[in-house]
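There are 4 protein chains.
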Amino acid sequence: MIVITKNSASEERIAEIVQHIEKAGVQAHVSRGTDRTVIGIIGKAEPALAEHLRSMKDVENVIKISKSYKLASRDFHPDDTVIEIKGVKIGGEHLAIMGGPCAVESPEQIDEIARLVKAAGGQVLRGGAFKPRTGPYSFQGIGVEGLKMMAEAGRKHGLLTITEVMTPEYVDICAEYADILQVGTRNMQNFDLLRKLGSVQTPVLLKRGFSATYDEFLNAAEYILAGGNPNVMLCERGIRTFETYTRNTLDLAAIPVLQSLSHLPVISDPSHGTGRRELVEPMAKASVAAGANGLIIEMHTDPDNSMTGDGVQSLFPDQFANLLKELEQLGKLVGKRYDTPKEPAEYFKTWKI
Amino acid sequence: MIVITKNSASEERIAEIVQHIEKAGVQAHVSRGTDRTVIGIIGKAEPALAEHLRSMKDVENVIKISKSYKLASRDFHPDDTVIEIKGVKIGGEHLAIMGGPCAVESPEQIDEIARLVKAAGGQVLRGGAFKPRTGPYSFQGIGVEGLKMMAEAGRKHGLLTITEVMTPEYVDICAEYADILQVGTRNMQNFDLLRKLGSVQTPVLLKRGFSATYDEFLNAAEYILAGGNPNVMLCERGIRTFETYTRNTLDLAAIPVLQSLSHLPVISDPSHGTGRRELVEPMAKASVAAGANGLIIEMHTDPDNSMTGDGVQSLFPDQFANLLKELEQLGKLVGKRYDTPKEPAEYFKTWKI
Amino acid sequence: MIVITKNSASEERIAEIVQHIEKAGVQAHVSRGTDRTVIGIIGKAEPALAEHLRSMKDVENVIKISKSYKLASRDFHPDDTVIEIKGVKIGGEHLAIMGGPCAVESPEQIDEIARLVKAAGGQVLRGGAFKPRTGPYSFQGIGVEGLKMMAEAGRKHGLLTITEVMTPEYVDICAEYADILQVGTRNMQNFDLLRKLGSVQTPVLLKRGFSATYDEFLNAAEYILAGGNPNVMLCERGIRTFETYTRNTLDLAAIPVLQSLSHLPVISDPSHGTGRRELVEPMAKASVAAGANGLIIEMHTDPDNSMTGDGVQSLFPDQFANLLKELEQLGKLVGKRYDTPKEPAEYFKTWKI
Amino acid sequence: MIVITKNSASEERIAEIVQHIEKAGVQAHVSRGTDRTVIGIIGKAEPALAEHLRSMKDVENVIKISKSYKLASRDFHPDDTVIEIKGVKIGGEHLAIMGGPCAVESPEQIDEIARLVKAAGGQVLRGGAFKPRTGPYSFQGIGVEGLKMMAEAGRKHGLLTITEVMTPEYVDICAEYADILQVGTRNMQNFDLLRKLGSVQTPVLLKRGFSATYDEFLNAAEYILAGGNPNVMLCERGIRTFETYTRNTLDLAAIPVLQSLSHLPVISDPSHGTGRRELVEPMAKASVAAGANGLIIEMHTDPDNSMTGDGVQSLFPDQFANLLKELEQLGKLVGKRYDTPKEPAEYFKTWKI
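Chains as they are written, first to last, in our numbering: chain R, 1 to 353; chain D, 354 to 706; chain G, 707 to 1059; chain A, 1060 to 1412.
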């Protein structure tokens, strides 16, 4: 940590700042420059120290050199985290494909889509039962019934399932039915939700807030890890920029950056990341080429009549199947491969419902 | 609502789209242009119709002409909403000043600051008991004890109180102790929290998400209003941009824009909106000149030792008092005035604790 | 300047970096921390040194503590710059009002608008003769004829004139007819244009690039100052964000920030900064309250028929006149006043045409 | 084009607007909705009409349905543009690799790098002679001498050359020495430069402004095309966002979007797009997977001592060579291949120097 003081700081003031630092049990090295004085802090300081220093008079800036997250950092966990769920591995050299509709609509819909996801080579069935919507008058999902329908479809076709959880009180019921719990972009900093997810062991797919920095994203993951749940996947799903042609700007550099800063698997979401069906294929390919550990892709049998209006970014089943074949080829060039258990039925015998 | 179809859409396809529109009980007017066909929709359409149309093949764009929020819109409520709490009016020509520390730290701290806020002419005491923090290792607030300390300080000095609530399950306990519940920027789209706040009558100060559009902001307010709670204030607190010198970019145009789109009071937060003490004064003045219905300002007796590190943006008590005098003069020029009840004690007799 | 090296940097590598620093004639102080090694540089280093260090292997970051601009910085010029042009002062306690149409259209149009600007109390007539337009098929301005029309109108009514110059080769002709040369937002980093403007003495109003940081903005000003032209005004005109309701997001914090970092006058442009007529008045007031040294405002006698389509953000003459009266009152509260020379005619006798 | 009027617009006002439209020689279709009236315009309207309408009183919004650029649009030119320069094809199924240093430093430096680019399989040598720099005290390039050194190195090793031109007056001299002229991100809307480039036939690589929308980018290309130069390549080089870990956010969705809206080749710049050496490889691969027609990559033999400090994003020669091999494999999967003429010497006989 480095403290920079203003031109105008007196000797006494600098002495006070140094005293403040040493009181915290760490050492201060003062370097007087032409315009500014720089105080380097040596030793492991509490995060609160930076905050205190930043608010002291005459302090111009406090620059953290060490990262504020620990468990999420590759510094403390050099090897890739590989999460294994019912025989499916996510992370490392495995390329996980999660596919399905924006929202679960009916038993028939989700069963048919599950069949198609499995046939195409996917490992995980996605589908929302509780939907976060910008306005209160939009379709809000069908709730617990949707969870049950999706669990049944997953069990039948040998797919893991992932669904979004929006509030701490629904974590337990969602974890009962789904294999992976998704935290949506608007909830990345819903800290009570993160704390609750830290208290369970169900794997979590944490979506990046649409205006979150990498640092904030990894700190959000740290909340879950610090709570005791090591099974966290990071998901890049597009950030908000001035460009309105696409729904979001998919930040693919996030993939190698997050993989270098952290050991957690990084999943890309080209559907929400672009909001346009015709861009899903090229951006899915680009995600794999950039080193993604998996993809989460919307697919619908009848996008014209999807209940959420996200049909506009959903692939048709044949597009989805073709894309998965192409991704398998691409994956080989960057050291990634599908890891679909040969006998999934066995793993799924223990299904909870 | 207007639907624009691609160049390539066939006559049959356009007929299908028209049929889809008419099935929803509204009328369709087709205009064929040189490059595109435009279908205007006449009548009150459900939001779901736009979503369906957007996802139909060959539809290039769906442009909503009417707003998706109703109760928050000035179209449906032409007069300014004025919220009266224990004799203090917020909205219309009243300029409300909310001041206090980032976090409640001790009974002595909050009592002394309350005394100073009151003496300077403020109406509301701010202070956090539950703090949303980027990382799990930062100070998270002192919890329910803090609520009690602040309620006691407010009662003693004749100030309303405002505090942040982060999760649905804490709404009731916060509403027991505070007069106004604040929704933080990271929770603007925590829809379960908004729904819960719609079910109580305690006034809510809803902070704009740091990357939320005006439309999303007003839709978030709509969640609370639609739930049955009409007492909502909007708070501009800065948006995230590429500029890093300031913590956020305070978007003051939001004040007149929101006041023209909506009837709800608009409060400005120059403390979080800039993150730098020396900018609070000019931006507070600019907020009043732009027509703000109130301000929420951080003030601390000992910013160097604040527990959250937000001391860097907290005014010293004398700066706060001087600023309030200057704002009163400025307010007169734009038709705004302080509305501090002359006999506050009377109103506060009914205090809950 | 501070150099931070990676965890993995060897002793030899650090020695190499230190050697590199000392070769440049400055001193290096090495502090070894837990995770990183920090090398502080003491003395005035050339900018190129930072660039070299940043590109060296194992260097994680180079943080500049001193600013890269000098002549624009208040550190080197503590007093406000006040630019005097034909008896009109811009900077310090003077509030300068620049008004007029987006584009000069005809002698009658600009003469009538000049009369109205003067009658309302303005000091400077604005008007574009060369217009930067997004597409090649839009109206591009009427060129040199427009310069002449505006100069004549300014002379007749006793107003200074300001016009935009887009390319180095037009600097001389524009300077012949106008008192102030404007650099548009798209040209803030047109370095050849800045260099050319540094070679003349005509005052320059430099508009902030719509995505420029404060640091880049002041470095752009530095180009002009370093060339030998000390007469530079900075203009905040809105930045690009995700919000589309307004044309830009007017960043009013820029006013006090730039005034603290620099001695140059800061002018606000609420017309381009919002792109909506109804927002010009509140944002003009907010600009003055925030401490602006002046305003540049679009006004048109017949906005419905303006040639550029910027009529949508132009005030009507009566709105302009009323606003100026209100700004005068507001200005008094923040120590700013109009400085219209009592006998402008005298100063204008020396007019060049 | 669609015009939307405010709630409050009277019948007479709507009639005036319709009259205005018909005067322009196109038809108006009026649809009265519940809240708004929508006027559709049928026929080819001049851009100026939209601008006029937008500035008329009571007009709430004008939505362009047709694009404002024509020559750049795929609507008017369905087939991919393939630019052939001395036997090298850029566009369509050809994958062009441009490599070299940020700045030309000496004859030896550029000769050695040219040798390495050629040996690795590249087609074009990049190198700056005139450098746009944020501050006036940074290294500004070695000028015309650099042009000559690069032309000589290209000729010797059989590589095309590309260099940046910053101002209209240098277009001719740059075109004399280089095969492709680059317009930098800060000059994307330097309209006088674009007009000048439209008057020559030398191919132009137009970099996207770091805050430009796709629409503005294609309108900038339209300036060059409309001037008579059809040889334009578009270059995505990263946009400015709130993320500071990377220098820019490389927007890879721009590749398929621009290719669908336009017929011009799209080149990706993973060096400036990330600003970090370790991200160049994954983002180069992702660019090819997303369908890029080429890449422009910085490579330096001694990045530690590069003169511009951009060494931090330059690949070492062996990294560059390995990457090109991998890109060739990746390209095959997405239908792209290198097109290095077998006998380049022949084409280079006609070299101008």
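Hint data in this document are derived by calculation from the structure and do not stem from the laboratory.
Being a predicted model, the structure only gives us computed values, none of them experimental.
Wrong hints could be hidden among the right ones.
Said to hold, decoys possible - Partial selection, computed: residues in chain A whose CB lies under 8 Å from chain R:
hint, residue
1, Ile1101
2, Glu1105
3, His1216
4, Gly1286
5, Thr1300
6, Tyr1304
7, Thr1308
8, Pro1315
9, Val1316
10, Ala1348
11, Ala1380
12, Gln1388
Stated by the list, open to error - Label-pair restraints from in silico Cβ distances:
hint, chain 1, residue 1, chain 2, residue 2, range
13, A, Pro1166, G, Arg738, 39 to 45 Å
14, R, Glu84, A, Glu1337, 50 to 56 Å
15, R, Lys70, G, Ser714, 37 to 43 Å
16, G, Asp878, A, Ala1083, 36 to 42 Å
17, R, Ser8, D, Glu446, 39 to 45 Å
18, G, Ala730, A, Lys1123, 28 to 34 Å
19, R, Gly43, A, Asn1120, 57 to 63 Å
20, A, Lys1129, D, Ile395, 28 to 34 Å
21, G, Val850, A, Asn1066, 43 to 49 Å
Positions of the beta carbon are idealized from the N, C-alpha and C atoms, including for glycine.
Here's how the hints hold up against the structure:
Interface hint status for A/Ile1101: violated, as the beta-carbon distance to the closest one in chain R is roughly 25 Å, over 8 Å. Below 8 Å, beta-carbon pairs count as interface contacts, and A/Glu1105 has none with chain R, the closest being about 24 Å; its hint is therefore violated. Taken as an interface hint, A/His1216 does not check out: its beta carbon lies about 29 Å from the nearest beta carbon of chain R, beyond 8 Å. The interface hint given for A/Gly1286 is broken, as the beta carbon of that residue sits about 26 Å from the closest beta carbon of chain R, more than 8 Å.
This hint holds: A/Thr1300 has a C-beta 5 Å from the nearest C-beta of chain R, less than the 8 Å allowed. A cut of 8 Å between beta carbons decides the hint on A/Tyr1304: the least distance to chain R is about 5 Å, and the hint holds. Annotation: A/Thr1308 was flagged as interfacial toward chain R, and the flag holds, the nearest CB pair being 5 Å apart, inside 8 Å. Proximity of A/Pro1315 to chain R holds as hinted, the smallest CB-CB distance being about 4 Å (cut-off 8 Å).
Evaluation of the A/Val1316 hint against chain R yields a held restraint, the C-beta minimum of about 6 Å falling below 8 Å. Annotation: A/Ala1348 was flagged as interfacial toward chain R, and the flag holds, the nearest CB pair being 4 Å apart, inside 8 Å. Given hint, A/Ala1380 at the interface with chain R, is violated; its Cβ is 17 Å from that chain's nearest Cβ, farther than 8 Å. At its closest, the beta carbon of A/Gln1388 sits 6 Å from a beta carbon of chain R; the interface hint therefore holds under the 8 Å criterion.
The given range of 39 to 45 Å is respected by A/Pro1166 and G/Arg738, whose C-beta atoms sit roughly 42 Å from each other. Between R/Glu84 and A/Glu1337 the C-beta distance comes to about 29 Å, which lies outside the given range of 50 to 56 Å. Here the CB-CB span from R/Lys70 to G/Ser714 is close to 19 Å, at odds with the stated 37 to 43 Å. A hinted range of 36 to 42 Å holds for the C-beta pair G/Asp878 and A/Ala1083, which are about 38 Å apart.
In this structure the supplied range 39 to 45 Å holds for R/Ser8 paired with D/Glu446, their Cβ-Cβ distance being about 42 Å. The hinted range of 28 to 34 Å is not satisfied by G/Ala730 and A/Lys1123, whose Cβ atoms lie roughly 55 Å apart. Between R/Gly43 and A/Asn1120 the C-beta distance comes to about 59 Å, which sits within the given range of 57 to 63 Å. A/Lys1129 and D/Ile395 have their C-beta atoms about 33 Å apart, which keeps the hinted 28 to 34 Å range intact.
Here the CB-CB span from G/Val850 to A/Asn1066 is close to 45 Å, well matched to the stated 43 to 49 Å.
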